[in-house]
Amino acid sequence: MPPLSSFPASPLEMSNRDRLRLGFAAGAAKDNRESRTREASQEPAAEQELVSAPMRSLFEVTKLRNIRSDVPQQRSTRTPEDDLISRGALPHHVARELFSFFDRTMNHILWGGIALIHRDLESARRSSSLLCAAILAVAALHIPQGDEIFEFCYAEFVSLVSGSIICRDHNLDDIRALCIGAFWLSDLSWKLSGVAVRIATELNLHQAFHKMQRGEPDQYERAQLWYLLYVCDHHYSIAYGRPPVIHDNAAIKGYEAFLNAPIAGPADMRLMAQVALFITLTNTYHTFGSDSQQPLDEEDFTTLRAFCLEVEGWRMKWQPRIAPNPYVGSYPSKGIVLHYHFAKLQLNSLALRAISPNHQFSLDRREAANSAIASAMSTMNLVLHEPDIRNAVAHVTLFKHTMIAFAAVFLLKVVWSWNSASLNIERRQVLDLVQAVVDLMSSVQASRRHLCRHIATGLSKMISRLKTKLLPQPRLDGDDTFHITTIIDDNSYGSISESVSDAFGIEDDWMLTSSIDPFGFSIT
Numbered sequence: 001m002p003p004l005s006s007f008p009a010s011p012l013e014m015s016n017r018d019r020l021r022l023g024f025a026a027g028a029a030k031d032n033r034e035s036r037t038r039e040a041s042q043e044p045a046a047e048q049e050l051v052s053a054p055m056r057s058l059f060e061v062t063k064l065r066n067i068r069s070d071v072p073q074q075r076s077t078r079t080p081e082d083d084l085i086s087r088g089a090l091p092h093h094v095a096r097e098l099f100s101f102f103d104r105t106m107n108h109i110l111w112g113g114i115a116l117i118h119r120d121l122e123s124a125r126r127s128s129s130l131l132c133a134a135i136l137a138v139a140a141l142h143i144p145q146g147d148e149i150f151e152f153c154y155a156e157f158v159s160l161v162s163g164s165i166i167c168r169d170h171n172l173d174d175i176r177a178l179c180i181g182a183f184w185l186s187d188l189s190w191k192l193s194g195v196a197v198r199i200a201t202e203l204n205l206h207q208a209f210h211k212m213q214r215g216e217p218d219q220y221e222r223a224q225l226w227y228l229l230y231v232c233d234h235h236y237s238i239a240y241g242r243p244p245v246i247h248d249n250a251a252i253k254g255y256e257a258f259l260n261a262p263i264a265g266p267a268d269m270r271l272m273a274q275v276a277l278f279i280t281l282t283n284t285y286h287t288f289g290s291d292s293q294q295p296l297d298e299e300d301f302t303t304l305r306a307f308c309l310e311v312e313g314w315r316m317k318w319q320p321r322i323a324p325n326p327y328v329g330s331y332p333s334k335g336i337v338l339h340y341h342f343a344k345l346q347l348n349s350l351a352l353r354a355i356s357p358n359h360q361f362s363l364d365r366r367e368a369a370n371s372a373i374a375s376a377m378s379t380m381n382l383v384l385h386e387p388d389i390r391n392a393v394a395h396v397t398l399f400k401h402t403m404i405a406f407a408a409v410f411l412l413k414v415v416w417s418w419n420s421a422s423l424n425i426e427r428r429q430v431l432d433l434v435q436a437v438v439d440l441m442s443s444v445q446a447s448r449r450h451l452c453r454h455i456a457t458g459l460s461k462m463i464s465r466l467k468t469k470l471l472p473q474p475r476l477d478g479d480d481t482f483h484i485t486t487i488i489d490d491n492s493y494g495s496i497s498e499s500v501s502d503a504f505g506i507e508d509d510w511m512l513t514s515s516i517d518p519f520g521f522s523i524t
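Here full-length UniProt numbering is used: the first residue of the sequence shown is 1, the next is one more, and so on.
It should be emphasised that the hints constitute simulated quantities derived from the structure, not laboratory data. Fair warning: there could be bad hints in the mix.
Cβ pair distances, simulated, as ranges [stated by the list, open to error]:
| hint | residue 1 | residue 2 | range |
| --- | --- | --- | --- |
| 1 | 261 | 432 | 44 to 50 Å |
| 2 | 214 | 363 | 51 to 57 Å |
| 3 | 162 | 120 | 24 to 30 Å |
We put the CB at the ideal spot given by N, CA and C, even for glycine.
The task is simple: from the sequences and hints, build the whole structure.
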């Protein structure tokens with residue numbers, strides 16, 4: 001196991017914008033600490049509103065703190081004096097190195113440091129024990145032979161999350177902690193994103209953008225966090241084929257106005273690119289639905305092409321606007337290309353939804369299916385051959401791992417069942433490409449619990465099964481036919497869903513069937 005200190009050091013120079021951002025965050029933190037000492041009463045402006053949320057009126061009458069609809073930001077209930085470091089469960093020097101590792105890797109993968117604004121472990125511990133536990137657990141997950149460290153950091157995080165659900169005292173770093181967990185902890189992602197959104201609305205983060213527009217610049221950090229929650233929510237609603245919680249209202253659609261804030265920087269540009277893409281993908285979800293048994297009608301392909309054009313425009317608009325990052329190189333701009341291929345695959349795979357391989361393809365349906373195949377191939381080629389993407393594959397969020405797995409499984413399924421459909425796919429090329437992805441995932445140096453290991457194991461099993469099933473069967477006397485048995489029946493999507501979930505060895509709560517069915521867009 002290489003020592004933690006052997007990982008690349010982070011740059012020491014800090015830009016003027018970073019200093020401005022840190023100064024702003026420090027001022028906001030001071031205001032937050034002062035606000036936490038106030039009596040939990042209604043804000044004067046809110047008391048004078050004639051039209052307000054009904055629960056506010058009930059609070060005005062009863063003054064019961066536990067029914068307030070606008071819970072003030074509070075200090076986390078756990079303090080550094082009783083966290084896992086103070087209790088001796090984790091040596092302080094190990095915690096510092098894990099924190100540093102997260103700060104210079106995953107934190108910059110996640111749009112340039114939005115999820116972690118603290119520059120050292122002690123600052124994070126003072127602000128939120130939940131944040132500290134999330135960072136340590138996620139960092140340990142990415143450390144070779146870090147299984148034991150991960151297990152008790154993970155247990156600490158889960159314990160704190162359980163307590164936070166019924167607690168009403170939260171701050172912004174608690175929400176960031178839930179987001180960090182959702183982005184990297186596969187068995188908790190969906191639940192954590194939902195809890196984070198609910199706590200954020202209690203803190204009125206959904207109103208922050210409108211307050212910014214009315215001239216309250218101190219709402220910038222809160223509005224930024226609401227956008228982060230939007231992306232987190234949509235990553236995992238899309239992956240699970242479930243409706244998102246946060247709707248595309250004026251605040252979400254006003255991302256360009258947010259970027260006009262004087263303090264907005266490169267990290268915000270990366271985040272808003274995600275917001276813009278998921279607005280389009282959410283519109284697609286609502287247009288075509290998530291019923292895996294409902295095929296597209298021929299007239300739907302005009303609408304589908306329009307969505308594909310939106311994705312084309314998204315790439316052209318955002319890729320030139322994304323600057324390199326000193327920690328992860330060209331990954332931010334190359335990530336735009338990767339998400340472009342993801343989106344094209346998600347959209348065009350609809351052409352095969354609930355369609356039998358024996359179905360007579362129209363020109364529009366065949367064109368879309370071939371576009372999905374090309375996008376899946378491009379996804380894997382980019383991951384394999386673009387250095388900054390390949391180097392980051394161990395540290396990317398679950399959504400990217402999900403879509404890489406989806407691309408591989410989609411191609412294997414097409415090879416299994418759709419050869420008779422005259423689609424542009426070559427079996428040998430697919431097997432070689434998926435095997436290369438297996439080799440890459442197998443080479444990742446991380447904990448045994450890391451998702452890359454499960455993806456590699458699952459894809460290897462699928463390749464082996466496919467090769468076995470495609471071998472010539474023993475010929476019976478008098479039988480001159482050449483038997484090739486496909487891995488599944490043509491119309492048994494459910495059976496392959498189960499086999500893939502088993503093959504990847506992932507808990508039911510992170511069902512790989514969701515990886516196969518983004519938007520619920522499954523194919524038979």
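Against the structure, the hints:
1. 261 to 432: 44 to 50 Å: 48 Å, holds
2. 214 to 363: 51 to 57 Å: For residue 214 and residue 363 the Cβ distance comes to about 52 Å; the hint holds.
3. 162 to 120: 24 to 30 Å: Given range 24 to 30 Å: holds, Cβ gap about 27 Å.
Checked against the numbered hints given earlier, this structure breaks none of them.
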